[in-house]
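Read top to bottom, the protein sequences are chains A and B. Counting with our numbering, you get residues 1 to 388 for the letters of the first sequence. Counting with our numbering, you get residues 1 to 455 for the letters of the second sequence.
Keep in mind that the hints were calculated from the coordinates and are not lab data. Idealized CB from N, CA, C, for every residue including glycine. Wrong hints could be hidden among the right ones.
To be verified - Reference listing, derived: stretches of chain B covered by chain A, where coverage requires no fewer than 3 residues with Cβ under 8 angstroms from a Cβ of chain A:
1) 199-208
2) 406-420
What the hints assert, rightly or not - Computed list of lysine-lysine pairs in DSSO-like fashion (alpha-carbon distance at most 27 angstroms, straight line):
3) K370/A to K452/B
4) K443/B to K356/A
5) K118/A to K255/B
6) K243/B to K452/B
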Amino acid sequence: MRLLAKRLSGRVIQNINSTFSGGGVAEILQRMVPLLTELGVDARWSVIKGDMPFFEVTKKIHNTLHGRPDPFTQQDISIFNETSRKNIEEHNLVGDIIFVHDPQPVALVERKKELGKKWIWRCHIDVSKPNEEVWSFLQPWVLQYDASVFSAPAFSRSLPIRQFLISPSIDPLSDKNRELSRDTVDAVLAKYKIPGDKPIILQVSRFDYLKDPVGVIQAFRQVKRSIACRLVLAGGTATDDPESDKVLAEVMERAGNDPDIHVLLIPPGSDIEINALQRAAAIVLQKSLKEGFALTVSEALWKEKAVVASAVGGIPLQVQNKFTGLLSHGIEGTAYAIRQLLGNPEYARWLGKNGKEHVKNNFLITRHLKEYMLLFLALDRPEDVIYL
Amino acid sequence: MNEAISWPDIVVPVAVFAAALIATLWLRRVSYRSLISWAKRTEWQGDDILLQATQGASVLWCITISAALGIAVSPMTARWKSLGGDGLWTLLVLSLALTGFNLANQLIPMYGEKFQLPRHIIKLTGTIARAIIIVIGILLLLEIWGVPTSPILLVVALIVLIAALAFRETLPNLLAGFQLNTTEQVKVGDYIKLETGEEGYVKAIDWRMTQIEGLDRSTIFVPNRKLIQSTVINYGRPIKKAKESFRFYDRLHLKELTGLKARNLRELTDILKNAPDSIVYYHTHNFLEEHHYLTPEPANDFALWVSDVLGDVVLGERLASVDAFEFPGLSALRERLVNVMEECLAQGSESRQAPEGREFHFIKSVSVILPTPYIARDLREFLESLRKLSLGSLYFHIFESRLRLQRATNDFSLWLEQSLDEPELAGEIARFDPYTFTLEGTKSQLIQLIEKRLQ
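Given the sequences, and given the hints that come with them, work out the whole structure.
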């Protein structure tokens, strides 16, 4: 890695996204930028400015790129263009390689003609079946980039620019993934009043329709009919996601007074608590309807947990069905997989062990860092075999 | 009152002196002749130097012995005899000092060169040796002539103590270096491995340090004292050297999406027919790279997709059984895969469609090749480098070089045959099918083959 970093010396890598905290992108950059700096790469990170209406529009863009049929109005376009124009004028672009994350800052590439430099668009979301109106709106900017990066092959579209596949990653030494003592895990369970009397089924995700928390409750209720267990839905919010309160309210309503369902609103930065909940769980779910990559799956696999997840987005990359976890395609399938694992703990343990090995080889931050550096180096090299 | 001196009083001592001188000189001549002839037959140069250094002084010893006998038989008074004795002792001390000087002048440069000591250290050691001889000589002479020597001895002891303190770090290393050279436990040119993990060829053993050249051509300095104290595996002298050294490379890769995707077997076959080698390579080796820990004989992506997504387990099995090891290049491998798919299509198996979101996405592999610090010039260095090699590096030299870079065989076999003249070992490695092992398994198999050859 140091050898690769040495080859990048003298070049500034500027990461740009829309928030410093909350959500997977900010989480990755919080780890990635210091590590690149430690390796001797001049990596920087800046965020664009935006008000609540802008983030409501970008949330809508996010959902519609995932395929939700929300209307994209002229007003939405005006709000997005207005904030983008301000950012194009004001944002300080100092990088030799400008690494733009997700659609919110996508329009900054308009300054490419003026500044030159290399521009990469890192798309963390699934744009395989987007709302065409929204994609057509964004596409003119996307095509100005030198290269794009997607998290899973299914996210790619036929584009005339180079597209690379780089999966995100987890940091095994972060508070969210490091080893915890049994006492810490018990203390977190006590804090949230979760008794340890029954196996815990956990889903960690933002309160978002695309994570299908309501579907999780339905699957849980099917399992509970035959096997005693508890469900923990632990979620957070992000500054660029104004919809989460609405989803949380609906989830609370569906959970009702069921003492075996625990809905936890966990504030950003509660990484040790998330870690403890994952370690306490018998099974970790990720029953998303659409996904970017779903790093929560790698987090659970790293803790040797049996995972049941939908075959969407980047999840099939992490869960090799029946080798490193179980893939499901609906509520019934999820309930069936949970029953299979609760009834056969040895099988669950075997899957968990394989899962950890798989994450160790493919989804740790070291691999991610390496691939980003390779990407920066490969930008000027079109050949298939590059000798450095 | 003085007694009168008679002629016999003079003649007898002189005759004794003359006779003794003739006898001792004759004895010296005979002894030296046979000793020199014996010394010439030995390998050790020290005896030649010893004889040469004492040759001049030995004449003085003959004179001293003869004079002592002459004085002993003379009728001189005790006082004069005592004075004569002291004079003869003085002569003996001077002759011994002369011998010491000669020995220091010849032995110190000889051993200095043997131990590869720097020139200034040889010079300094010579000066110190001569100073010690002078000091001891002066002390002896003072003792002979009755001058008190205790204060001088005290000063000398102090100087020795200060010198010992100043050289407290160096002295053990110097002695250890001497021990290494004399016992020849470790010699220049040996390949050694220390318990702390350092290894390589011994390039030099000087008066303080032993220099080892590591596998990455770095120089490791080990204090002689530590080398003596630690457990060292000495593999001995270098073995057969290669005509050209082998440089190990590491291989990293990026996945580039092509935007091409197939929904059914027909589309899969059509795209594969015209796909570049980088795509064929990726999809026939991706599972091996990502799941190398899990299972040997990994399936290719085509086989997995046809079985898991299209649900055609029979075709999946046929595609999985296409052994990449049998093919000399990617074109031939592609042709074989396409043939299997077309045979299946000819039997009417194209109706199965992938569900939405489970299409086959064609990806190409972009390899980035980097030199590692490891270079092997012989089989032992090759083995030790192999032990340290990353799986990416092993993957490059075994899989990628053969199929993707279209070399006739893997890199290791090529080098072993062409540069190291090891055709048997090269053949064994070339025949070894790495697809039947995990990457770790492949590595240990190769290590075992080479260890066997080295034994």
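How the hints compare with the structure:
Only when three residues or more bring their CB closer than 8 angstroms to a CB of chain A does the claim for the stretch 199-208 of chain B stand; here the count is 0, and the claim is violated. With 0 residues bearing a CB less than 8 angstroms from a CB of chain A, the stretch 406-420 of chain B misses the requirement of three and the coverage assertion fails. For the hint pairing K370/A with K452/B, the CA-to-CA distance comes to about 37 angstroms; that exceeds 27 angstroms, so the pair is violated. For the hint linking K443/B to K356/A, the alpha-carbon distance of about 22 angstroms falls within 27 angstroms, and the restraint holds.
Pair hint K118/A plus K255/B holds up; C-alpha atoms about 19 angstroms apart against a cutoff of 27 angstroms. Only pairs whose Cα atoms come within 27 angstroms are accepted, and K243/B paired with K452/B is accepted, the gap being roughly 22 angstroms.
Violated hints for the displayed structure, listed by number in ascending order: 1, 2 and 3.
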